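K.L.:
Below, each chain spelled out in residue letters.
4 protein chains.
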Amino acid sequence: HKNFVLIAGPCQIESRAHAHEMALALKEICSELNIGLIYKSSFDKANRTSVATARGVGMEKGLDILADVRSSYDIPTLTDVHHPEQCQPAAHAVDVLQIPAFLCRQTDLLIAAGQTGSVINVKKGQFLAPWDMKNVAEKISSTGNHNILLCERGTSFGYNTLINDMRGLPIMAQTGYPVIYDATHSVQQPGGLGSSSGGQREFAPILARAALATGVAGLFIETHQDPDHAPSDGPNMIPLKEMKNILSSLKEIDTLVKSLFFA
Amino acid sequence: HKNFVLIAGPCQIESRAHAHEMALALKEICSELNIGLIYKSSFDKANRTSVATARGVGMEKGLDILADVRSSYDIPTLTDVHHPEQCQPAAHAVDVLQIPAFLCRQTDLLIAAGQTGSVINVKKGQFLAPWDMKNVAEKISSTGNHNILLCERGTSFGYNTLINDMRGLPIMAQTGYPVIYDATHSVQQPGGLGSSSGGQREFAPILARAALATGVAGLFIETHQDPDHAPSDGPNMIPLKEMKNILSSLKEIDTLVKSLFFA
Amino acid sequence: HKNFVLIAGPCQIESRAHAHEMALALKEICSELNIGLIYKSSFDKANRTSVATARGVGMEKGLDILADVRSSYDIPTLTDVHHPEQCQPAAHAVDVLQIPAFLCRQTDLLIAAGQTGSVINVKKGQFLAPWDMKNVAEKISSTGNHNILLCERGTSFGYNTLINDMRGLPIMAQTGYPVIYDATHSVQQPGGLGSSSGGQREFAPILARAALATGVAGLFIETHQDPDHAPSDGPNMIPLKEMKNILSSLKEIDTLVKSLFFA
Amino acid sequence: HKNFVLIAGPCQIESRAHAHEMALALKEICSELNIGLIYKSSFDKANRTSVATARGVGMEKGLDILADVRSSYDIPTLTDVHHPEQCQPAAHAVDVLQIPAFLCRQTDLLIAAGQTGSVINVKKGQFLAPWDMKNVAEKISSTGNHNILLCERGTSFGYNTLINDMRGLPIMAQTGYPVIYDATHSVQQPGGLGSSSGGQREFAPILARAALATGVAGLFIETHQDPDHAPSDGPNMIPLKEMKNILSSLKEIDTLVKSLFFA
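Chains as they are written, first to last, in the working numbering: chain G, 402 to 664; chain U, 402 to 664; chain C, 402 to 664; chain L, 402 to 664.
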């Protein structure tokens with residue numbers, strides 16, 4: 402069985418130069434470690450805690466930058482979509498469309514995404530049981546598109562706290578679709594800082610190890626060269642300079658687990 | 402202090418004739434009990450559990466029916482919107498725009514709704530703490546529109562279960578905006594029937610009493626003349642023929658509570 | 402149907418003089434409002450957050466004080482027991498034995514308590530579903546003693562937080578046993594202050610209103626003349642001087658609810 | 402760093418012959434795999450869901466059997482205690498005293514256990530945050546006994562469901578005490594079968610892998626030669642004949658994780 406694929410990048414597209422810098426750095430790390438990379442970045446933060454915080458560069462500019470990154474470094478790319486009409490343009494610019502967790506039951510969006518024929522990475526809502534993702538996947542597959550990834554990013558546990566039920570990973574895998582574990586959003590503390598979300602980035606690599614031990618197909622990790630000054634999700638992003646060491650040990654665990662249980 | 406306002410109606414617009422029948426019946430009940438009524442119905446069920454279930458009559462026809470109901474019976478109306486571009490047309494046809502719980506952090510939708518100047522009833526996400534609704538309200542009020550209602554409809558509690566934290570009602574009221582308690586969605590069991598949601602309608606009137614005892618400004622109750630055969634939300638809707646008795650006793654409790662604590 | 406009974410008193414027995422002072426004050430309030438009173442106080446705090454905090458006066462002295470209070474003011478009394486062998490001596494001194502929530506599944510304790518023939522008030526564990534209290538009651542009733550009260554005091558909701566599911570009150574009442582709502586422990590924040598529990602006493606009267614609106618048989622409210630300096634549970638106890646006003650309005654709600662739904 | 406220690410055995414002591422049979426089988430497996438074994442079994446099931454189910458062989462006979470197992474096979478043994486007065490006799494017969502999760506805040510029991518000087522394995526209550534186990538450990542260490550193990554066995558998540566927060570394992574390890582992961586009670590569904598607890602034994606080995614990936618010091622796994630006919634905890638025990646394969650792969654993961662992160 403193949404090693405995990407890595408979906409990684411900064412939370413949002415900050416500038417063309419920043420996207421190039423991050424993509425190049427991640428490509429070098431993943432090439433050296435022989436890890437498959439999908440570069441992730443958002444053109445719009447459509448559901449931030451507070452209206453006063455940065456939204457991003459917008460769709461047109463963002464997709465142009467992502468297309469540029471893809472062609473410059475020959476790496477597949479991913480971005481998230483929020484409205485049905487964003488799906489077609491995004492599908493021209495990137496390889497994977499992502500459905501945000503809050504929107505994982507919005508039928509029109511799932512169908513519009515599915516109709517592009519692109520790979521769709523759909524995040525499990527914080528309010529959803531893992532067995533209910535089968536209904537979500539069926540909305541996409543009703544379009545004839547079966548290129549579906551199911552992504553765990555935490556479940557509501559009391560207030561301002563997410564928890565991962567590691568049983569949910571094999572349960573979602575029973576659909577037959579690859580399961581991705583989002584290590585950095587899983588350690589978010591939604592709304593935990595009053596007008597923005599907190600996070601516990603120190604636990605992201607530990608939880609990624611646990612998820613790989615169960616046997617997931619991919620990891621999703623947001624990273625930034627300076628998380629404490631990133632415009633969004635700083636508290637839970639992994640510093641870029643730590644990525645190589647983290648990924649190196651994650652790959653060793655993954656290789657062993659795949660050989661033991663998924664050979 | 403005034404008695405509670407009632408937002409009520411069938412989950413979805415089934416036909417023009419059905420809407421007239423329901424609105425007339427509710428108007429008669431509320432007139433007799435002297436309860437302020439806002440007629441509620443949806444033109445589109447945009448986030449159903451399964452792709453195979455009924456979506457509704459569509460926006461154009463649905464808004465036309467709601468406008469018809471409003472002028473025929475002289476009662477304010479409410480419907481929910483799912484995309485920013487639905488806000489203006491909906492605001493012409495109805496008096497209150499409702500933001501669904503899953504979408505309560507979608508900035509574009511909140512702002513487009515706010516910009517209509519209509520009253521906005523925004524449901525608290527099942528994944529949100531009550532104190533975080535202040536950030537949601539600020540997205541709407543950033544447009545200059547302060548006609549905001551905050552609505553509790555249950556919080557995620559384990560899998561396939563919602564719970565109401567009755568402390569959340571006075572906490573949301575600290576924003577200064579009226580708080581609505583949605584008694585019928587609070588007893589939903591999301592995804593609880595596999596490919597549709599279950600419900601415990603027998604608890605809706607009991608929870609409504611509890612919410613009124615804390616001092617809410619309004620109640621939201623979905624009702625239907627034949628819930629067991631309704632196209633959506635049947636397990637948690639209240640049979641129409643029980644509404645008068647239920648509302649009558651609810652009003653007595655509300656009157657006492659308002660006189661004791663909100664005079 | 403009868404009005405609610407009140408179980409009230411300071412969390413722990415601080416001294417003979419303090420017990421007399423509290424019991425007399427509560428008796429006067431309840432006599433004036435015509436509310437049935439059971440005086441509650443603990444001789445031992447057996448499961449405090451930290452080993453460094455006060456345990457109480459001990460069983461022998463505590464039971465002697467409670468017996469003294471009972472005979473001096475002719476009011477029934479309640480105390481909690483933690484070991485099977487405490488049940489007989491406690492049953493001689495007080496009228497109601499209370500089983501702490503953490504211990505609600507300890508078979509030996511439930512049976513020893515049941516065998517005294519006293520009324521047993523058993524708190525629902527923070528880890529227990531309301532429908533599972535039927536098994537707890539059956540452990541007691543297996544002794545032939547059916548004088549059982551079932552008490553809600555909050556359910557675990559994430560970390561360091563309790564929540565009340567108001568549906569749980571009518572669900573527990575389906576056993577046929579009277580249901581008590583513990584308003585002051587329900588607003589505890591277990592372990593919330595690091596080495597002791599926090600609390601939100603401002604919500605206790607509001608939640609008590611909600612619980613009465615559902616139709617409970619009794620309320621449990623801890624009170625103290627100076628909660629901020631009480632040796633335990635200060636953050637969630639109600640100041641004694643507020644009790645009369647709170648109880649007066651609670652009785653009005655209870656009278657209405659009982660006349661509407663339990664006549 | 403050393404490989405994980407294994408605490409394993411059948412939920413309850415069924416008979417002397419059964420204990421010998423299980424202990425011998427487990428010893429052979431662990432010897433072959435070079436895994437340190439502590440044999441676990443209970444003499445009394447003191448908090449079962451229903452009063453009608455089997456309690457066990459009792460303390461005197463149970464401790465005698467455990468002492469016999471220890472001397473016959475030269476393996477350390479563990480049993481759980483429920484009352485302070487059980488601690489001394491149990492400490493003579495076994496090597497490790499275990500504090501049940503529901504009782505993890507009972508000060509007298511923790512202190513009596515600590516005073517024996519034995520190793521104490523204390524389970525985290527289903528109602529407790531991982532950071533609050535520091536207060537629990539301090540109750541034991543206040544006796545001068547620092548031979549403490551902290552054990553995760555699931556946290557309340559809605560009704561009749563437990564969840565493991567894998568962040569809790571490193572958080573508890575910050576106390577400096579070894580952390581044990583209880584894989585079989587973590588997949589219990591408390592009260593889930595009405596008058597007994599359900600379980601999902603198929604997830605126990607997967608969760609054990611995840612816990613080892615975070616770096617725990619030990620695993621706790623209940624096992625039985627015929628779980629479906631065991632007198633308690635059948636739905637979550639691992640069949641004995643599967644243990645060798647499961648442990649063999651768990652040891653490989655553990656060896657890798659310890660070499661990567663705890664060398």
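Source of the hints: derived by calculation from the structure; they are not laboratory data. All values derive from a computational prediction rather than experimental measurement. Check the hints yourself; a few may be wrong.
Which copy is meant is left open, so a pair is good if it fits within one copy or across any two.
Unchecked claim - In silico lysine-lysine, DSS-like type, Cα no more than 30 Å apart, as pairs: (1) Lys462 to Lys652; (2) Lys403 to Lys446; (3) Lys645 to Lys403; (4) Lys645 to Lys535; (5) Lys403 to Lys652.
K.L.:
Could you figure out if Lys462 and Lys652 sit no more than 30 Å apart (CA to CA) within one copy, between two copies, both or neither?
P.N.:
Classified as neither; 34 Å inside a copy, 51 Å across copies.
K.L.:
Go through the copies and call it for Lys403 and Lys652: within, between, both or neither, with a Cα cutoff of 30 Å.
P.N.:
Classified as both; 11 Å inside a copy, 22 Å across copies.
K.L.:
Are the CA atoms of Lys645 and Lys535 at most 30 Å apart within a copy, between copies, both, or neither?
P.N.:
neither (34 Å within a copy, 34 Å between copies)
K.L.:
Between the shortest in-copy and the shortest cross-copy C-alpha distance, which are at most 30 Å for Lys645 and Lys403: within, between, both, or neither?
P.N.:
both (20 Å within a copy, 26 Å between copies)
K.L.:
Between copies, within a copy, both or neither: which fits Lys403 and Lys446 at Cα up to 30 Å?
P.N.:
neither (33 Å within a copy, 40 Å between copies)
Hint compliance for this structure: hints 1, 2, 4 are broken, all remaining hints hold.
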